[in-house]
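S.K.: Produce the entire structure from the sequences given, and follow the hints as far as they go.
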Amino acid sequence: MDQAIGSTKPDSPDMAAAPAVERGRFIKNAWYVGLWASELPAGTLVPQTILSEPVVFFRKQDGTPAAILDRCAHRFVPLSMGTLVPGDRVQCPYHGLEFGADGRCMNNPHPPGTIPTAAHLPSFHVVEKYSMIWIWMGDKPADPSLIPDYSCLETSPAIHITDPGYLSIKANYELIANNLLDLSHVVYVHGGILGSPGLEQSDIKLETHGDVVTVSRFVKDVETPGMFQMMAPEGYERGDSFTSISWYAPSNLLLKTGSCKTGQPQESGTGYWGIHLLTPETERTTHYRYSAVRWNVMTQGDEKNEQIRQKIGELRTFAFADQDAPIIEAQQRRIVASTTKLEPALLAIDAGPVRCRRILDRLLLEDR
Amino acid sequence: MDQAIGSTKPDSPDMAAAPAVERGRFIKNAWYVGLWASELPAGTLVPQTILSEPVVFFRKQDGTPAAILDRCAHRFVPLSMGTLVPGDRVQCPYHGLEFGADGRCMNNPHPPGTIPTAAHLPSFHVVEKYSMIWIWMGDKPADPSLIPDYSCLETSPAIHITDPGYLSIKANYELIANNLLDLSHVVYVHGGILGSPGLEQSDIKLETHGDVVTVSRFVKDVETPGMFQMMAPEGYERGDSFTSISWYAPSNLLLKTGSCKTGQPQESGTGYWGIHLLTPETERTTHYRYSAVRWNVMTQGDEKNEQIRQKIGELRTFAFADQDAPIIEAQQRRIVASTTKLEPALLAIDAGPVRCRRILDRLLLEDR
Amino acid sequence: MDQAIGSTKPDSPDMAAAPAVERGRFIKNAWYVGLWASELPAGTLVPQTILSEPVVFFRKQDGTPAAILDRCAHRFVPLSMGTLVPGDRVQCPYHGLEFGADGRCMNNPHPPGTIPTAAHLPSFHVVEKYSMIWIWMGDKPADPSLIPDYSCLETSPAIHITDPGYLSIKANYELIANNLLDLSHVVYVHGGILGSPGLEQSDIKLETHGDVVTVSRFVKDVETPGMFQMMAPEGYERGDSFTSISWYAPSNLLLKTGSCKTGQPQESGTGYWGIHLLTPETERTTHYRYSAVRWNVMTQGDEKNEQIRQKIGELRTFAFADQDAPIIEAQQRRIVASTTKLEPALLAIDAGPVRCRRILDRLLLEDR
Chain A
0 MDQAIGSTKP DSPDMAAAPA VERGRFIKNA WYVGLWASEL PAGTLVPQTI LSEPVVFFRK
60 QDGTPAAILD RCAHRFVPLS MGTLVPGDRV QCPYHGLEFG ADGRCMNNPH PPGTIPTAAH
120 LPSFHVVEKY SMIWIWMGDK PADPSLIPDY SCLETSPAIH ITDPGYLSIK ANYELIANNL
180 LDLSHVVYVH GGILGSPGLE QSDIKLETHG DVVTVSRFVK DVETPGMFQM MAPEGYERGD
240 SFTSISWYAP SNLLLKTGSC KTGQPQESGT GYWGIHLLTP ETERTTHYRY SAVRWNVMTQ
300 GDEKNEQIRQ KIGELRTFAF ADQDAPIIEA QQRRIVASTT KLEPALLAID AGPVRCRRIL
360 DRLLLEDR
Chain B
0 MDQAIGSTKP DSPDMAAAPA VERGRFIKNA WYVGLWASEL PAGTLVPQTI LSEPVVFFRK
60 QDGTPAAILD RCAHRFVPLS MGTLVPGDRV QCPYHGLEFG ADGRCMNNPH PPGTIPTAAH
120 LPSFHVVEKY SMIWIWMGDK PADPSLIPDY SCLETSPAIH ITDPGYLSIK ANYELIANNL
180 LDLSHVVYVH GGILGSPGLE QSDIKLETHG DVVTVSRFVK DVETPGMFQM MAPEGYERGD
240 SFTSISWYAP SNLLLKTGSC KTGQPQESGT GYWGIHLLTP ETERTTHYRY SAVRWNVMTQ
300 GDEKNEQIRQ KIGELRTFAF ADQDAPIIEA QQRRIVASTT KLEPALLAID AGPVRCRRIL
360 DRLLLEDR
Chain C
0 MDQAIGSTKP DSPDMAAAPA VERGRFIKNA WYVGLWASEL PAGTLVPQTI LSEPVVFFRK
60 QDGTPAAILD RCAHRFVPLS MGTLVPGDRV QCPYHGLEFG ADGRCMNNPH PPGTIPTAAH
120 LPSFHVVEKY SMIWIWMGDK PADPSLIPDY SCLETSPAIH ITDPGYLSIK ANYELIANNL
180 LDLSHVVYVH GGILGSPGLE QSDIKLETHG DVVTVSRFVK DVETPGMFQM MAPEGYERGD
240 SFTSISWYAP SNLLLKTGSC KTGQPQESGT GYWGIHLLTP ETERTTHYRY SAVRWNVMTQ
300 GDEKNEQIRQ KIGELRTFAF ADQDAPIIEA QQRRIVASTT KLEPALLAID AGPVRCRRIL
360 DRLLLEDR
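For the record, the sequence lines run as chains A, B and C.
If you count by numbering that gives the first Met the number 0, then the first sequence holds residues 0 to 367, one letter each, in order.
If you count by numbering that gives the first Met the number 0, then the second sequence holds residues 0 to 367, one letter each, in order.
If you count by numbering that gives the first Met the number 0, then the third sequence holds residues 0 to 367, one letter each, in order.
No wet-lab data here; the hints were simulated from the structure.
A couple of the hints might just be wrong.
Intra- or inter-copy, both count: the list cannot distinguish identical chains.
Computed cross-link-like contacts, BS3-like style, restricted to lysine-lysine with a CA-CA straight-line distance of at most 30 Å [claimed, not checked]:
hint, residue 1, residue 2
1, K128, K169
2, K59, K260
3, K340, K255
4, K303, K255
M.R.: See below:
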């Protein structure tokens, strides 16, 4: 399925489904990023609220990650306030009950040897992959092959990967996903920092493959954006610019952007992958992790590459934290403050978000 | 209609209607003060929540004010975070949609030329008058002749007008209006600063003319309050003191206070007009704007007049911010914290507030 | 009734009643501590929210305490913002209405001599006893003989009593009472500060007498805890250690702890009484007052006794404020955040709390 967005009329019945913010529910049977792998050193207990559930992450002695409910079965104290004890167990700080990586209570000292059946906790499937700890919050089988491909984070040398980024955004994850999938806001929100000259007049291509929605833009023979000039040797002052972003239901995205010489294949140019990982914390707050990985690096020496790595990281953090986040959080506040149900006016650029919304609606039904 | 308040017995059936704080609704078809005119410089976008609705104010190129909903029709972002662009349009910061002073969408760049009908926003009637930007939030015809007469703010020289005051009060507007209309609290809350000796024992006169309620007090041959001695030449150490305050439904008030020589006409004395402008922000918060204008100024020279101007301004700000506001906000908190409906004991001094309440009840019915 | 806790099986039907946190109601017909007597100097008006009701405490000219609703009958302003005036009356800061210790309106200046019947306020029974101001919030007869015996606070010399402690805890009072009644958490939460070596393996004895539940522990011939070594002369390095705590429904507790020579009567040893006074402020917050009083003091001279007094006070404040409170408040947050009703796993150590819960359930029924 592949269709130019120009053919979708605004306000057409096909686009009638408005993005909802306050669903009051989440898709539980899906892979979410719980933490960057680097956020979970051995021996630590790391709490994280995910889909409104308290979760505590830790590493077993063999280094593999584990996650159980962060709420003791006895008195409901956060286990993350306790201690990781030998035998891959989390010990409650209040009365010393110990829970294994599968959530089973392994020790109750009151008196020793008595373990009530009710003292077992939910545990969650976790997988360490692509420098991240992935978590599956639902009851259906957790298939690691469903994790989107972020292999660029594993296969690229560290000098071409920006530091793992984290922002806590006070908005529903759908508002952030819509923002990322929407290449047209770049001109208004990130003018002069991200995007390419002329990009706003380019055609938008929309593709859907299963539960993946991809939006692409391409501009021919324009001044090469500063960020790509920095990444390329001389002779790239002008060329073709391109960006595509894929949304993997429900909330992870992968962007590819770059420039090449006019009329040449895109792969002959250079640019970066943008990694965008959204994990609902609550209905109104989202964990947002991000990074960037250069592709087709045109060797310039480690000193220059480190400069570029720093620069991409800084620009992207500025764009998300100082430009996107204030707008998205204000949007969330306006929606929450409204006493009536808001019906958005739909534009041609909303075709991507609308398609995502339909997929989410279906997944929510399947999730029950 | 004109009646001395002494004739109203406390607890009489006539006063049974208790002031409510939590109506959960507002009178929309009425004039409210949106801003002081000086709060809206040319070229700015000024947000203000009024009757729980987000409003953005701006000036057209001809200088006249305009106000539209401060929430883009597309993604609900506050337009006040955007830019005022040529053609008297507000441009959304997110995707660049442009809205005119009448709320119509004038430009959608995605793609240019397509403007969905649903992309139009509510606009509000606004009028600049008496140094204020007035706004009408309802759907009924907005008749500027209904704006109460604050012409003293326009006709007096600036040296006789205190600086425009603003306080954000964490209380329902009715509680503040009741406070202002109630001349008897002055002895207890503002003792030594406002009011006249003996005022608490004077008769209260209550008049109603249409939707205007006026409460007046008069004391004969007492020591002239310090503030009026300051405003008068020698020979005014003793005389008659008087105060009357008119409430213009739903929430603007005008006070006249002063002193004159014993037995002389009040107009032969001197004093000031007190301007009190209440605009509900939410059910529990109110924009309170205030100023004072001297009447029958007895010329003393600019230096002395400026001292008087400063002094009146300081005393009144102190009285509102440091004396009234803490009490009214504590009152609001007690009402909100109560789990049962509170029925106030009614006193003779509540005749004014009770009459206002009846008018508000009727206006609420008419407002639907 | 007297039974070793070992005989109560976890998960037995007898323990099925789970502690509730969010009852949405309180036991009103009971004695609560309103203030330490020292918190109420003559001439002051002291506000305190108790069982979600605003109360103002003051002393009459004869020194006896009084308490009335802290909300004027007229405009609902907190009377505690007003003034105590001659005649044991509280004057409202807003309009000067005066209320007596029995809640009756004694003066309304608007106009003088008119006092509407509705202007009377609820008053509360208060008793000063054992260095505390006790308050009875309900309508049933308030019998001072029902106040638990804290006479140690009155009969002991001041040098053996720690300073009156106060903490505002962001948790329901039942969670705190459960914590105090549960001697088994000491090993995990207060390890090295409170408790005795081997205490966790000792038998727990549970006794119920009317509405008093007592939990006791005893360990034979162990190293004497540092705090008791400090309180005893030489020769007490080893001995028997014991702790018992009684809960007086609904929310006051008295602990007795100490050490004696091995095999000797407990009364031949030394230790302290722990006073724990819980007063619900709201469903989710509690006033917690505490102190400690030494018993069977083995004279060491005033300097040493003052050191001991300070040390017990510091250790206990640290244990409550820095060790217990963070855990109990996190427990409360987890309970509040849960969207489903939480059913705790019950352990043998919960026999005491479960018995208290049954008594509270009965008292709630009787309270209506």
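S.K.: Please list, smallest to largest, the hint numbers that this structure does not respect.
M.R.: 2 and 3
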